[in-house]
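Q: Line by line, the protein sequences give chains A and B. Each residue of the first sequence is one higher than the one before, counting from 1 in our numbering. Each residue of the second sequence is one higher than the one before, counting from 115 in our numbering.
Keep in mind that the hints were calculated from the coordinates and are not lab data. Predicted, not measured: the structure shown is a model, and the values here were computed from it. Some hints here could point you the wrong way.
[Unchecked claim] With the C-beta cut set under 10 angstroms, the calculated list includes, among others, these residues of chain B facing chain A:
hint	residue
1	VAL118
2	GLN120
3	THR123
4	TYR151
5	GLY157
6	VAL160
7	TYR178
8	PHE182
9	ALA202
10	VAL203
11	SER209
12	MET214
13	THR216
14	VAL225
15	PRO227
[As the list claims (entries may be wrong)] BS3-like cross-link-like pairs, simulated, lysine-lysine; straight-line CA separation at most 30 angstroms:
hint	chain 1	residue 1	chain 2	residue 2
16	B	LYS184	A	LYS44
17	A	LYS44	B	LYS152
18	A	LYS9	A	LYS44
19	A	LYS44	B	LYS117
20	A	LYS9	B	LYS152
21	B	LYS226	A	LYS57
22	B	LYS130	A	LYS57
Glycine residues also receive a C-beta, built at the ideal position from the N, C-alpha and C atoms.
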Amino acid sequence: NAGVTQTPKFRILKIGQSMTLQCTQDMNHNYMYWYRQDPGMGLKLIYYSVGAGITDKGEVPNGYNVSRSTTEDFPLRLELAAPSQTSVYFCASSYSPTKGEGYTFGSGTRLTVV
Amino acid sequence: AQKVTQAQTEISVVEKEDVTLDCVYETRDTTYYLFWYKQPPSGELVFLIRRNSFDEQNEISGRYSWNFQKSTSSFNFTITASQVVDSAVYFCALSEAGNMLTFGGGTRLMVKP
Chain A
1 NAGVTQTPKF RILKIGQSMT LQCTQDMNHN YMYWYRQDPG MGLKLIYYSV GAGITDKGEV
61 PNGYNVSRST TEDFPLRLEL AAPSQTSVYF CASSYSPTKG EGYTFGSGTR LTVV
Chain B
115 AQKVTQAQTE ISVVEKEDVT LDCVYETRDT TYYLFWYKQP PSGELVFLIR RNSFDEQNEI
175 SGRYSWNFQK STSSFNFTIT ASQVVDSAVY FCALSEAGNM LTFGGGTRLM VKP
C-alpha cells in the first residue's frame, strides 16, 4: 500500500521556468490537498479538491494551478517560477474530513527557485 | 475563520525532562477536530493523534499525553521523560467539519543528551 506518492523529491528551477509536481494516492480518497511549508514555518494550504473534476483555492493559491481529472491524481503546476516559491510542498489526502478522518501526507517535494 | 497558535517556537530540554507543547485554537464551529503531527529532521509528517470536539477525555500513549480543554480552547501535548529521538518540529492542526487542516506555526523541540 503506497499511500500518497509525490514526485520529484527534489528540484531546482530557474526563475521563469515551469514545472508540475505530481501527487498520486492509491487509497481511493476523494479529498486531496496541496500545502507548502516555508523554512521554519507551518504548512499553508495552496489548493484542495473534494473529488474528481472539483478544485478550489486555499490560503495561498497565487502562482499555482491544479487539476483533478481522476480520483488518484492531483498535480500542482507552477507556470512562472519565482524565488518566493522556494519551499517544501506536501500533498495530502483524506477519505472523509467531515468525519474527522485522518489525513495522509506524502513525503514532500523540496523546490528551490534560483 | 479557524486559527491555531503555537506560541513556543523553540524549546530545549535535557533528556529525561518532561516537556509540554502548547496549542491554542480558534473556531466558530461546534464540531471540529484537532491533530498533532511530528516532523522529524528527515522532513516527513508523522500523525500522532486526532481528537474530536465532543471528546474531552485526556489521552495517554506511552510517554505521550494530550490535554484537551474546550474552556480554554487548548490542546496541549506533553512528552514525559523526553528522549533525543523526540527532537523534531511538532505541529498542532485544526479541521472544522467539512473543511481543510489549518496548521499552527510549529514548535521545534530539541532534546539534548
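Q: Quick one: which hint numbers does this structure break? Sort them smallest to largest.
A: 7, 8, 9, 14, 15, 21 and 22
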